[in-house]
Structure formats: structure tokens, C-alpha cells
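So you can see what is in the structure, the chains are spelled out below.
Protein chains: 2
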Amino acid sequence: MGNDIKSLSAAVEERIIQIIKENELQPGDRLDTEMELARRLGVGRGTVREAIKGLVSRNILVVRQGSGTFLAPRPGVADDPLGLTFAKQDRRLALDLLDVRLILEPEIAAMAADRATEQEIRRLEGQCAKVERFIRGERPYQQEDVEFHRCIALASHNQVVGTLVPVIHSSASLNIDLTRNELKENTLRCHRELVNAIRRHDPQGARYTMILHLAENRRYIQAPEE
Amino acid sequence: MGNDIKSLSAAVEERIIQIIKENELQPGDRLDTEMELARRLGVGRGTVREAIKGLVSRNILVVRQGSGTFLAPRPGVADDPLGLTFAKQDRRLALDLLDVRLILEPEIAAMAADRATEQEIRRLEGQCAKVERFIRGERPYQQEDVEFHRCIALASHNQVVGTLVPVIHSSASLNIDLTRNELKENTLRCHRELVNAIRRHDPQGARYTMILHLAENRRYIQAPEE
Chain W
0 MGNDIKSLSA AVEERIIQII KENELQPGDR LDTEMELARR LGVGRGTVRE
50 AIKGLVSRNI LVVRQGSGTF LAPRPGVADD PLGLTFAKQD RRLALDLLDV
100 RLILEPEIAA MAADRATEQE IRRLEGQCAK VERFIRGERP YQQEDVEFHR
150 CIALASHNQV VGTLVPVIHS SASLNIDLTR NELKENTLRC HRELVNAIRR
200 HDPQGARYTM ILHLAENRRY IQAPEE
Chain C
0 MGNDIKSLSA AVEERIIQII KENELQPGDR LDTEMELARR LGVGRGTVRE
50 AIKGLVSRNI LVVRQGSGTF LAPRPGVADD PLGLTFAKQD RRLALDLLDV
100 RLILEPEIAA MAADRATEQE IRRLEGQCAK VERFIRGERP YQQEDVEFHR
150 CIALASHNQV VGTLVPVIHS SASLNIDLTR NELKENTLRC HRELVNAIRR
200 HDPQGARYTM ILHLAENRRY IQAPEE
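Quick mapping for you: the protein sequence lines, in order, are chains W and C. Positions 0 to 225 (numbering that gives the first Met the number 0) are the ones given, in order, by the first sequence. Positions 0 to 225 (numbering that gives the first Met the number 0) are the ones given, in order, by the second sequence.
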């Protein structure tokens, strides 16, 4: 496959990942300096610098000039993990993304209703109120909406969906605006009902409220003018 | 966020992506040379080289020394898009991944049964036979198995799941081997039945065969010794 350029610093990238894992570094933690890493790995500083750039591109590290190199907030989660930058940005892509959400998120909501802790429920209530404030104040609320759905995913205690849900949501935001006026009332009502269902540990309630919520979005994408 | 290093070549990376999209380059297509890109973008060759390295790290480009720079086979799809390299590799992660597959793949199989073309069905039959040959020949068949499930995802005609399914499968392969002897007979039988259900355009048949197939894997992960 001719990965000549890639292979040069790739080995050092993998060794740095190994060090991160061995030391159980957490997001935001500081790495050794370039010089320390070079000594430890027995390679030149140029090679380490190269590898760090690679790890920055892969969203594993962030470099703050003058203060050092740190583990990224969500290490290794790509900006556009599904490569949808290269898909045609049209209504069909928006529908395909929503169909995936319609498969996944009702079940995730049901799992969250089953497993959410008191603390997770409080966090979800707070995030629900925040989205509401943004909507009432006519501020752009898409990011807060993604965070609301991520809170539900985290409450499902399935560590894969906690990452997967924001990935699918932000792919969706590439191509269609689901925060239009027509959908605001639906969002306000469904979010509140979702929180209630999860609070009373009612999986069926959570599942079907999520279906209602997303199906309304789906109808809007299919026929935005009606 | 201190993206000082990232910002240096990031702008050029985005402009190269723009060029790829404008020219509707396909996977495997050749890019302009470093020199041509530098002239076109009005930047130095060093900056272009830097940006190309960044795009190689992001799996968007591949460089073949001596023959040029090409669009990657699956442009922009990250090696570990969910950042699971940093999750604890244990049985719980394997279960979490399988639970996501259990939510997604039965519905994908049903969509495939609904929408698969003759050509897609023939491709699926071919891949099914290939997995069978690998199993009978006692060869490692995990990659061929992923490809079988990807063929089903592609036949669903949902362009998101075509990328999502291999992503989840290869994350799974990080941590547990689902191609053990105990599961081979299940795999052989279920794969064949899946192909049959999709061939006769039977969504319910495809859905429940997929559930059977994955639920057997799930049982194995939960209690491998029984």
C-alpha cells in the first residue's frame, strides 16, 4: 500500500500511545516533553515532533505552545469518523443519518431508563433546562441538543454508544438544520418527556418518546415545506 | 484550545479536501503533484508536504513513493474512529460492542432484504462462499466475516451504515476473538440463512436470523467456558 511516509513516524506514534496507556493518562493530562520522549524512546527529537504532529491530526494530543503537549479531551475520536465529508451533502444523507438514529437511540433511551443513576438523571435535567433556555432565548442550540442526547447515551452505561451518538449527531449537523422553528415545540415537549421517563425508570416510555421525537424530525426532512 | 501546531497546515489540508471534492476524485485517483498543489494554493512546498502528511494520518490520502499521492480506499474513515484504543479492553467492552451490533444489524439486514439488487445478492453469495471456504480450510476468517457483514450493510442502501458496520466490527476485533471453533457452525448456518432471506426479499427472516447469529455470539462472550 506504499505507506512509506506514514511508516516513518507511525512506529513512534504507536509507542507514545503505549506510554499514554501504561501511565493511564486521562484527557487533559500533560505528556513528557519532546526531549524526554526522544531520550526515552531512543530516537531523534525531529522524529518525536513528527509523531506528535501525527497524533495531533488523529485528535489524540493537543499542543499548547509554551505550555506543552496534552492528552486530547476525547482522545482518538475523529472529527468526521465516518468520512462523511466525502458523501454528497443532500437530503438523502440527512435521511440515512436519521434512520440510523431511529434504530439506535430509542434502544439507548430504554437502556438509560433502566440504568441511569441519580447523578446522571440530575445532569440530564440540567442539560434539558439548558436546551430550553437556549430555545426560549432564540439562541442556536444545536450543540446543546447534541449534549442532551449524549447525556442519555452516557446514562445507558454502554461505553460504545457514549461515543457513537455524538459522532452520528455531528455528522448530521454537517448537512441539515434540525433546529428550525417548526421543530422547537416538538423538541421542548419530547426532551421533557424523555427526562421524565428516564427519571421514573420507564424503558418503554423512554423508547417511544424517542421514536416520536425522531420521527417528527424525519417527517420534517422528508417534506420541509408542509 | 491552543491548536497552534494544528492550525499551521490545517488550512491547507482543508483546501486540498476542497480540491478533491470539486474534482470529484474517487478512491484510488491520483492527486496533483506537491509542486502543482503549491503553485495552485499559493503556498510553499514545505507547507503542502506538511498538509499531505496530515491527510495521510487522517486516512484521506496515501503516498506511494515514486508514483505519487492518491485518494485513500475509504477516504477519511479513521482506523479507530471511536477512540476505543483508549478503552479498557475487557469482556465488558466486547459485550457493549455486541449490544450495539444487536441493535443495529438486525434492522440493517431487514433493510437489505427489502432493497438488495440482483448484483448485491450475487456479491453477498460470493462473500458467503468465501467465508465458508476459509472456515473449512481452518484459515483465519475474521476479515472475510467483516466483509460479509459489510456486504449486507451496503445492500441496505443506507450510505451511513455501509461505513458504520465495519467500524464497529473492527473495534470489536480489538478485544475478543469471535471466530472460535464453538461459533463456526453457528456462523456457517446463519450466514447461509441470511443470504437466503435477503435473496427472497424477506425482511423478517433476515432480521431474526441476524438476531439468532449475534445472540449466539453474545452468549459465548458472557460465558465462554460453558
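Some hints here could point you the wrong way.
Said to hold, decoys possible - Within a straight-line C-alpha distance of at most 16 angstroms, the following computed EDC-like cross-link-like pairs (lysine to aspartate or glutamate) qualify: (1) K183/C x E119/C; (2) K20/C x D31/W; (3) K20/W x D31/W; (4) K87/C x D31/W; (5) K87/W x E23/C; (6) K129/C x D89/C; (7) K183/C x D98/C; (8) K87/C x E21/W; (9) K129/W x E184/W; (10) K20/W x E215/C; (11) K183/C x D113/C; (12) K87/W x E21/C; (13) K129/W x D113/W; (14) K129/C x E146/C.
For the record, the hints were derived by calculation from the structure and aren't laboratory data. As the structure is a prediction and not an experimental result, all values here were calculated from the model.
message = What's the verdict on K20/W and D31/W, does the C-alpha distance respect the 16 angstroms limit or exceed it?
response = 14 angstroms, holds
message = Check whether the Cα positions of K20/C and D31/W lie no farther apart than 16 angstroms.
response = 39 angstroms, violated
query = Taken at face value, is the distance from the CA of E184/W to the CA of K129/W at most 16 angstroms?
reply = At roughly 15 angstroms apart (the allowed maximum being 16 angstroms), E184/W and K129/W satisfy the hint.
query = Are the Cα atoms of K87/C and E21/W separated by 16 angstroms or less?
reply = 12 angstroms, holds
query = Is the Cα-Cα distance between K87/W and E23/C 16 angstroms or less?
reply = 10 angstroms, holds
query = Is the straight-line distance between the alpha-carbon of K129/C and that of E146/C 16 angstroms or less?
reply = 10 angstroms, holds
key: K183/C paired with E119/C [C-alpha distance capped at 16 angstroms]   = Not OK: K183/C and E119/C at ~24 angstroms, beyond 16 angstroms, violated.
ask   = When you check the alpha-carbon spacing of K20/W and E215/C, does it fall within 16 angstroms?
value = Answer violated: K20/W to E215/C is near 32 angstroms, above 16 angstroms.
Hint consistency between K87/C and D31/W [alpha-carbon to alpha-carbon, up to 16 angstroms] = 23 angstroms, violated
ask   = Within a Cα-Cα threshold of 16 angstroms, do K129/C and D89/C meet the stated pairing?
value = 30 angstroms, violated
Agreement of K183/C and D113/C with the hint, judged by alpha carbon distance not exceeding 16 angstroms = 27 angstroms, violated
Given hint E21/C paired with K87/W - CA-CA distance at most 16 angstroms = 12 angstroms, holds
Violated hints, listed in ascending order, are 1, 2, 4, 6, 7, 10, 11, 13; each of the other numbered hints is respected by the structure.
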